[in-house]
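Engineer: The residues making up each chain are set out below.
There are 2 protein chains.
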Amino acid sequence: MPVTVAVDAMGGDHGPSVTLPAAIEFLEAVPEARVVAVGLLEPLTAALAKIKSPAKARIAIEAASEVVEMHEPPADALRRKKDSSMRVAVNLVKDGRAEACVSAGNTGALMAISRFVLKTLPGVDRPAIASQLPTRKGVTTVLDLGANVNCSPEQLLQFAVMGTALVSAVDHIDRPTVGLLNIGEEDIKGNDVVKETAELLKASGLNFHGNVEGDDIYKGTTDVVVCDGFVGNVALKTSEGLAGMLYDFLKAEFTRNPLTRLAAVVAYPVLKSFGRRIDPRRYNGATLLGLKGVVVKSHGGADVMAFRNALMKAHAEAAEGVLERIATRMAATHAAMPATAANGSLSADA
Amino acid sequence: MPVTVAVDAMGGDHGPSVTLPAAIEFLEAVPEARVVAVGLLEPLTAALAKIKSPAKARIAIEAASEVVEMHEPPADALRRKKDSSMRVAVNLVKDGRAEACVSAGNTGALMAISRFVLKTLPGVDRPAIASQLPTRKGVTTVLDLGANVNCSPEQLLQFAVMGTALVSAVDHIDRPTVGLLNIGEEDIKGNDVVKETAELLKASGLNFHGNVEGDDIYKGTTDVVVCDGFVGNVALKTSEGLAGMLYDFLKAEFTRNPLTRLAAVVAYPVLKSFGRRIDPRRYNGATLLGLKGVVVKSHGGADVMAFRNALMKAHAEAAEGVLERIATRMAATHAAMPATAANGSLSADA
Numbered sequence: 000m001p002v003t004v005a006v007d008a009m010g011g012d013h014g015p016s017v018t019l020p021a022a023i024e025f026l027e028a029v030p031e032a033r034v035v036a037v038g039l040l041e042p043l044t045a046a047l048a049k050i051k052s053p054a055k056a057r058i059a060i061e062a063a064s065e066v067v068e069m070h071e072p073p074a075d076a077l078r079r080k081k082d083s084s085m086r087v088a089v090n091l092v093k094d095g096r097a098e099a100c101v102s103a104g105n106t107g108a109l110m111a112i113s114r115f116v117l118k119t120l121p122g123v124d125r126p127a128i129a130s131q132l133p134t135r136k137g138v139t140t141v142l143d144l145g146a147n148v149n150c151s152p153e154q155l156l157q158f159a160v161m162g163t164a165l166v167s168a169v170d171h172i173d174r175p176t177v178g179l180l181n182i183g184e185e186d187i188k189g190n191d192v193v194k195e196t197a198e199l200l201k202a203s204g205l206n207f208h209g210n211v212e213g214d215d216i217y218k219g220t221t222d223v224v225v226c227d228g229f230v231g232n233v234a235l236k237t238s239e240g241l242a243g244m245l246y247d248f249l250k251a252e253f254t255r256n257p258l259t260r261l262a263a264v265v266a267y268p269v270l271k272s273f274g275r276r277i278d279p280r281r282y283n284g285a286t287l288l289g290l291k292g293v294v295v296k297s298h299g300g301a302d303v304m305a306f307r308n309a310l311m312k313a314h315a316e317a318a319e320g321v322l323e324r325i326a327t328r329m330a331a332t333h334a335a336m337p338a339t340a341a342n343g344s345l346s347a348d349a
Numbered sequence: 000m001p002v003t004v005a006v007d008a009m010g011g012d013h014g015p016s017v018t019l020p021a022a023i024e025f026l027e028a029v030p031e032a033r034v035v036a037v038g039l040l041e042p043l044t045a046a047l048a049k050i051k052s053p054a055k056a057r058i059a060i061e062a063a064s065e066v067v068e069m070h071e072p073p074a075d076a077l078r079r080k081k082d083s084s085m086r087v088a089v090n091l092v093k094d095g096r097a098e099a100c101v102s103a104g105n106t107g108a109l110m111a112i113s114r115f116v117l118k119t120l121p122g123v124d125r126p127a128i129a130s131q132l133p134t135r136k137g138v139t140t141v142l143d144l145g146a147n148v149n150c151s152p153e154q155l156l157q158f159a160v161m162g163t164a165l166v167s168a169v170d171h172i173d174r175p176t177v178g179l180l181n182i183g184e185e186d187i188k189g190n191d192v193v194k195e196t197a198e199l200l201k202a203s204g205l206n207f208h209g210n211v212e213g214d215d216i217y218k219g220t221t222d223v224v225v226c227d228g229f230v231g232n233v234a235l236k237t238s239e240g241l242a243g244m245l246y247d248f249l250k251a252e253f254t255r256n257p258l259t260r261l262a263a264v265v266a267y268p269v270l271k272s273f274g275r276r277i278d279p280r281r282y283n284g285a286t287l288l289g290l291k292g293v294v295v296k297s298h299g300g301a302d303v304m305a306f307r308n309a310l311m312k313a314h315a316e317a318a319e320g321v322l323e324r325i326a327t328r329m330a331a332t333h334a335a336m337p338a339t340a341a342n343g344s345l346s347a348d349a
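Those protein sequence lines, which keep their order, are chains A and B. Here numbering that gives the first Met the number 0 is used: the first residue of the first sequence is 0, the next is one more, and so on. Here numbering that gives the first Met the number 0 is used: the first residue of the second sequence is 0, the next is one more, and so on.
Bound-form chain A, shown alone:
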């Protein structure tokens, strides 16, 4: 079945000037896909008028009368902006008019709206934010990256199930390995929540590797790394901060004087190839995982290439049936767990 992706065309720092060209590039790359671009009619039609590609025929426009601001409190966006481009895009998924939705807008608002409109899948207490990070071996999917600041062991188990389903679908790995982010490899390390989670994971039937440490993310030790949203968010932001600093230091050294600038010219192809390998735009798109619908959050500052990749990701997740896989894996894990855990379902007690 051809997949239709609903696009919050107003979201992000650049709005339709990025989201529409990105949608065109996505449609050119995936000939059977369709896009519904949601937003204020005037800027949307103006931006669309500038586009010449025949792929334009596969873009439909859906009107929305307002826009969620980047720093608007999520609760306000949810309660007061019922006709925002973000809300209308999520509604399209709810109504079955689209199989996935992508927004570069306010993360908190997107999560609040998606949870309210779509609800979570059976067995999922709360959605998690999952994203791929580049590693020495390829990519690792890390979750949660910031949606849940306090997680029970049962919730972390659910994240492991969801991450496994996502990676098996999108990366075509049959039994992805799962690592539990901790501060040491030994079983005795970590806090009580992590220790209890390890016990659940051992009994889950998932391909549980054991504890991993922060450096294992970039070593690519496991296909999936599970952690609570506080820890995951700190790991992600710390990585962004360090990568940005190293990039700027390298640039500063190469532009220090005429001699170093000459070296930069000679080294340019090498530096460019290095930059391509770790270009964050290649990994743009975080999945709001555990909802009854595919929702992908693009970085707010995404350019056309980056936003296109978020669209590709949303398309792949819908086309590969991530939601069905989560449901199946959740049921299988449920069946594999000891009686007490199974009777209590995989839900948190609270």
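Possibly wrong hints are sitting among the right ones.
Which bits of chain B does chain A cover? Going by a derived footprint, with three or more residues having C-beta under 8 Å, they are [claimed, not checked]:
1. 211 to 222
2. 242 to 253
Computed far set for chain A versus chain B, every beta-carbon distance over 10 Å [claimed, not checked]:
3. 28
4. 42
5. 118
6. 170
7. 204
8. 303
9. 319
10. 323
By construction, these hints were calculated from the structure, which means they are not laboratory data. Ideal Cβ placement from N, Cα and C applies to all residues, glycine included.
Add chain B to chain A, keeping to what the hints say.
Structural biologist: Here is chain B on its own, set in the frame of chain A:
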């Protein structure tokens, strides 16, 4: 008063072949300092015999009959190895024969032994591990980096007080800014512990900047960043993993073929200058902060330059009176806090 540093000469991956030459370099750099090298007599005297420097006259040898292994459980090291080089080195501080001690051995064992032998300073529930990280602006001191996986708001406040005392002493900053590591800048972000900690910090009289995020560490937004040991350890290890991966990717690109290798030759001075700027050996030495004695943990794989820097750090902390500063600041914070907090002291309720 001249400072004597006790050195666990057996600790780390290389033992006396690194620790003694590093001690010499340290003594050459700090003419009034003295070192007591602790370890098995035979390898110690053999390593010392190879050294020619006149600074050798300021190294005394203290015998120990055993060595704590790198992966030995800390409880075993504490209970069974009462004559380990690590234990004897810490004892020298306890007995007033040294003002500071440095070990590149097992972190958990060093913490357990130091707590047992030296005890904590008044008002300090548990010691924290503090270290400097390079930033865009200079350095930032982050704590805790892994000693405490569950922290109360009161403990996090104590870390802030200790970090402030450390930075004011060693970096000569009168009122260092303190950031609370969180997943957003707004007050409503984070878990309950972090929110309560923010309230304590606001009332503490410290120079509290507010919440900071992971990327603020490398931006150098604040002089001190406070977090619990689980989060801090993940941030540190994630950083190490990412830096290592980027280094290897850059190296791989520059050694891909004869052309890129030529580019590497041209770019060599630039790359070297870049590498020097972020060389982790420059920042080697994590302080076990909050003890009644200066204890510095060197990286286990430290080379001579790195271990020398750990010795310099220990010396500076003793010479600048970090312990007295912590005591003074702890009392001042105590006085600044509202009655309830003051009455309950700064100790955790538990």
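Engineer: Now, for every hint given, state plainly whether the structure supports it.
Structural biologist: To see whether the hints hold, each was checked on the structure:
Coverage of the segment 211 to 222 of chain B by chain A holds in this model, with 7 residues showing a Cβ closer than 8 Å to a Cβ of that chain against a need of three. Evaluation of the coverage hint for the segment 242 to 253 of chain B: fulfilled, as 9 residues show C-beta separations to chain A shorter than 8 Å, against a requirement of three. Consistency note on residue 28 of chain A: stated as away from chain B, and its beta-carbon is indeed over 10 Å from all of that chain's, at 27 Å minimum. Listed as outside the interface, residue 42 of chain A is consistent with that label: its C-beta sits roughly 29 Å from the nearest C-beta of chain B, beyond the 10 Å cut-off.
Residue 118 of chain A, annotated as away from the interface, keeps every beta carbon of chain B farther than 10 Å; the closest lies near 24 Å. Non-interface status of residue 170 of chain A relative to chain B is upheld: no Cβ of that chain comes within 10 Å, the nearest being about 19 Å off. Look at residue 204 of chain A: its CB is around 27 Å from the nearest CB on chain B, clear of 10 Å, so calling it non-interface holds up. The non-interface label for residue 303 of chain A is consistent with chain B: the shortest C-beta to C-beta separation is roughly 24 Å, beyond 10 Å.
For residue 319 of chain A, the condition that its CB be more than 10 Å from all CB atoms of chain B holds, with the nearest at approximately 28 Å. No Cβ of chain B comes within 10 Å of the Cβ of residue 323 of chain A; the nearest lies about 31 Å off, and the non-interface call holds.
When the structure is compared with the earlier hints, no violation turns up for any of them.
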